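If you read the sequences in order, they're chains Y and L. Here the first sequence is numbered in the numbering used here, starting from 1 and rising by one per residue. Here the second sequence is numbered in the numbering used here, starting from 1 and rising by one per residue.
Simulated from the structure, these hints should not be mistaken for laboratory data. Note that the structure is a prediction, hence the values are computed from the model and not measured. We put the CB at the ideal spot given by N, CA and C, even for glycine.
Okay, the calculated bits of chain Y under chain L, using three or more residues with CB under 8 Å as the criterion:
id, region
1, 152-165
2, 364-372
Distance windows between CB atoms, simulated:
id, chain 1, residue 1, chain 2, residue 2, range
3, L, PRO396, Y, ALA33, 50 to 58 Å
4, L, ARG361, Y, GLU108, 44 to 52 Å
5, L, ARG394, Y, VAL187, 51 to 59 Å
6, Y, ASP20, L, LEU470, 35 to 43 Å
7, L, ALA393, Y, GLU95, 51 to 59 Å
8, Y, ARG52, L, GLU36, 56 to 64 Å
So the chains spell out like this:
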Amino acid sequence: MNDAVTVAGVVPAEVVTPRDLDELAEIVRERYARGSRFAFVGGGTQLDLGNRPAALDTIVRTTALDRVIDYTPEDQTITVEAGMTLGTLDRILAEAGQMLPLDAGDRERGTVGGAIAANLAGRHRLRYGTVKDMIVGVAIVRPDGTPARGGGKVVKNVAGFDLPKLMVGSLGTLGAVATATLRVYPVPETTAFVAGAFEDDDGFVARDAAALSASLVRERLEPVAMWAPSRPDGRYRVMVEFAGSRVAVEAQCRACERLIAESGVSARSCASDGDEGERETRARYAAAPRIKIGFAPASFAQLDELIRPLIDGDTTVLAYPGVGIAVIRPAASVDHRALLAAIRKREDMTAVVEAMPPQWTDVDAWGNPPRALRLMRALKTSFDPRGLCNPGRYVAGL
Amino acid sequence: MHAQPLAPSPNLRERFAAIVGERNTITEPSDLRTYECDGLLGYRVRPGVVVLPADTAEVAACVQLAREFDLPIVPRGAGTGLSGGALPTDGCVMIGLARMRAILAIDLPNRTVRVQPGVINLDISRAIGAEGYYYAPDPSSQSVCTIGGNVAENSGGAHCLKYGFTVNHVLGLTLVLSDGSVAELGSRNGEPDPLGYDLTGVVVGSEGMTGIVTEVLVRVLRSAQRTQTLFATFPSTDEAGDAVSRIIGAGIVPAAIEMCDQLAIEAIVAATHVDWPLDVGALLLMDVDGVNADVEETAARAHAHLEAAGAIEIRAPKDEAERQLAWKGRKSAFAAMGRISPNYYVQDGVIPRKQIAPVLREIAALGAAAGLRIANVFHAGDGNLHPLVLYDARIPGQEHTAECVGGEILRVCLRYGGSVTGEHGVGHDKACYLGEQFSVDDLATMMRIRETFDPEHRFNPDKMFPTPRLCGDVPGKYVPHAAEASGAVGRG
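Please work from the sequences and hints to get the whole structure.
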């Protein structure tokens, strides 16, 4: 297997691939005792996320940890090792008519552990939420090599501190996720889409796209996703996805078409998304440079107003007005520092460089330190007193 | 370890009164009685002083003062908790959040509401109900319990099956730490994915051991187009349990599925005016919600599964009033136990949901062997059991036997791969069982998280974590129940 792995451009001295959970713990314990700086890598799909590590001695690849530990379809939970790819997981679940509604760019490479560590989420978070809403248990290996568990295998459980939630989005700085128990969902009977403004002559301004999102809520429709890719003219197209029973999906598509027509924009329903869904996934996880903006859902129009003067027609914006996420790929001509600074000035917005191009050497991927940084530092120090675990890459050097 | 608590000196009282006012500083023994226990009624400990602050600054000042006197602090909401999470530590400073009951901001465009911790759970939904929104987590005590307490316990409720628990609905928090400083966690205004570790997710469910929550930003939901309630009766819990397995296994996600066994039905019928039949072994109360067309179809599918599992009768409430009455019956079930028993001990274990029928049989055997009746009324859809062990405290030894049976029930849950608590928390009640669910290393890791927030164990000491003092010489020490010692029940 190809062992050439670099993390944000840093090449480690060694790459080790534990064959089982005991070996994972042993490798971590040994490297920690030795004072090696190490990082965990699954499929390696998120290696451009975050800041450049100061240095890295060891990469621990989790890809050989790919077993199912427990799957009881009737309970709608599955426990797997962290190195299992999302694609493999999909196939196992599909046999029982189930799915993990967690979107990722490359499911054949991306792993369960990586999805947890990076808190991956795409368009379906509108209905299904994020990893936080699906994870019910973890086994981890702490930076010092100690295995520990939190949560459990049942969907409802408040025993002990919530270690699973803590691991979500922690980017491997508190140790490795070794196994995870996830809540899974039935595959819906059918899926359909409503496309708005796909003709050339009209389009949504941001305010109308936000209004459409609000009216879907007002009318108590239950789309599983809504996304709005920008067009070169600064307007947006809109895709709304419905899933469930055939009759309910059809009824909701018709209602959604009416809502779109009210805003004076052309709309059509389709049983298939053409390749819009795939295009969304590609754009959501496009190659660097890629910035993810988080905003309070009702302020999409304000966000658009804020960024509009700072970008140009070659910059793509992919917005999810209902959840408050916009993904921007600034064109080369855009002053990315000014763009990031403008957003980061806002207290109720975040701008994370999810894929950092090598030439952005003086950019912090995360931006303003979180308000509770002191607590986060204390937590990091408690788990990793020597600061050896994924050093320098995460928020504010955690 | 804290200094041996003393009776509060006049000086201490004066100092707290200077922060929160005379009226809100309680030291009279007769007034302190109210605060000696929470919903876990079997234990009473007198706090040294109870203070009722009005805002974050007053909470912070009280924490600093308690620290100056090196006194433990126990936070308290409405005192409805069932695991003794708000049970005082002897001589502690109890910080009651009942006066902090302001709804600070309602932001429906962003679907958030910011509240103080003393706000009653149901009052959020009442404040936004007219606009068609509600707060989803619905513990049965929701008309009296507070959001602060819900955050501490990560409270669930019947409709968490579809909508998730408190942790899935809390976006941000203000937290007073043990040094009196104030931390702001999570989302400010409803923006997703706040940077850094998910400390909000850790504080929710931390049972008052990380700090005192003084503001909560919650997500609220738009109510569904339609809700259809189904009511089904069965010859026994075997068929009812089978029905639940079939429905969940078929990929149907109802908003709620609740089960009551015969004894629970008897109590609820005696205490409320529901017209449930008394000659059945179990009933299921189920909500299906969503868009109109989906509800109809899902309810029809669920109906078919109920029938196939052997339901005696399946019906829908004839109107909203009857629907509300059915749910009121369900939510008053614990209180209704007073109609059939002088005392009861509530248990809260979780099992994989396909195992309901065999686990209920084992629980019944435990009760029979101990000579105690056990009623079951619980969240069947997510396998969260609430066996109510009925006893008479006037009979010497019976309370202890009930507790032992309760403990054995938890061991059954663990043996089936479950958990010792689904929503009531570990608190005082189950600290000794946590060591049977988690290893020493697991607990030490959790302790690291706790000590990050509260290195001195100032907040709610002696809760959740098994200690030799609480549990005997060995953490989680196993004491065989009389029924087991006699060979009536075994451990597998």
